[in-house]
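Model the full structure from these sequences, guided by the hints.
If you read the sequences in order, they're chains A and B. Position one of the first sequence corresponds to residue 1 (the working numbering), numbered consecutively onward. Position one of the second sequence corresponds to residue 1 (the working numbering), numbered consecutively onward.
Any given hint could be a false lead.
Unchecked claim - Keeping only pairs whose Cα atoms sit at most 20 Å apart, straight-line, the calculated SDA-like set for lysine to any residue is:
1. B:37 <-> A:43
2. B:81 <-> A:105
3. A:69 <-> A:95
4. A:33 <-> B:21
5. B:65 <-> A:45
6. A:127 <-> B:37
7. A:34 <-> B:81
8. B:29 <-> A:43
9. B:29 <-> A:132
10. B:65 <-> A:44
Quick caveat, the hints were computed from the structure, so don't treat them as lab data.
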Amino acid sequence: MPIDLDTFKIAYEKWVEESLPDYRAGNMQEIVKKYPFVVSDGIPWTPYRGRPSEQTFALVTSGGLYLKKSQPPFNTESIHGDPSLREIPKTVRQEDLGIAHAHYDHSLAQQDINIIFPIQRFIELEKEGIIGRVPDTLYSFSYVNDVVTLVTKTLPDFISRIKAAGVDVLLLVPV
Amino acid sequence: MGLIQRTAEEAGIVTISMGNEAERMAHIKPPRALLVKFARGSMFGEPGNVKRQRRIIMDALEALKTMTEPGTIRELPYQWKRPDPENFSCKKSSFSR
Numbered sequence: 001m002p003i004d005l006d007t008f009k010i011a012y013e014k015w016v017e018e019s020l021p022d023y024r025a026g027n028m029q030e031i032v033k034k035y036p037f038v039v040s041d042g043i044p045w046t047p048y049r050g051r052p053s054e055q056t057f058a059l060v061t062s063g064g065l066y067l068k069k070s071q072p073p074f075n076t077e078s079i080h081g082d083p084s085l086r087e088i089p090k091t092v093r094q095e096d097l098g099i100a101h102a103h104y105d106h107s108l109a110q111q112d113i114n115i116i117f118p119i120q121r122f123i124e125l126e127k128e129g130i131i132g133r134v135p136d137t138l139y140s141f142s143y144v145n146d147v148v149t150l151v152t153k154t155l156p157d158f159i160s161r162i163k164a165a166g167v168d169v170l171l172l173v174p175v
Numbered sequence: 001m002g003l004i005q006r007t008a009e010e011a012g013i014v015t016i017s018m019g020n021e022a023e024r025m026a027h028i029k030p031p032r033a034l035l036v037k038f039a040r041g042s043m044f045g046e047p048g049n050v051k052r053q054r055r056i057i058m059d060a061l062e063a064l065k066t067m068t069e070p071g072t073i074r075e076l077p078y079q080w081k082r083p084d085p086e087n088f089s090c091k092k093s094s095f096s097r
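Okay, structure coming up:
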């Protein structure tokens, strides 16, 4: 468990209560300042071994990407954010994607999704044999404050999916 | 994103993340990260700059091999709408075919 959830939960509930007026008023800097960030002291580490040309590379963004035709957008209203996950197929085209994330400017990513989710570059490197394989499914999260649901529900599911897909290396792109 | 990265790394998956705020990254403590000088929402630089996007991914591949200490953050020199500096990236790294 990357954080002490019991300690976090108490601080988080207090934060939600205190921050709601600022959240509703759009004072994002204030609420970020007060957020009960908890990170354990140590840094987890899996040593890198082998060659990229023989490995599977997955991509995950927190840019709030979803498939406009088949997936619900992330919740962009709640102070809790949205702790759910969207699977983005490797074959996705720019026009298939919507962005549901209320806290960054989407205008550049709308011109070229690769600046937050470099899927085309991954596919090119796979074709050239520089990286071994890009799995059929890649991932997007969005804005999340509700770390309890993220850690207890979404992340175990996410980890089992990427393990089942044989992912060796994960590139994470926040926004 | 820090929590997602740490959870994946703990589960035995090698991770590397992008970031654009050194102070925030020092707080989050990602296992491996590249620090860029770009604004939120454009971690790989300008829209349509395919060469730069690719170069940053190649930097990430190089970083996997050269970062041996947990918590290593490497700053990349690229600047918005300026040409990439020469002799920085991993042109001759062992990751080439």
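Hint numbers the structure violates, sorted upward? Violated: hints 1, 6, 7, 9.
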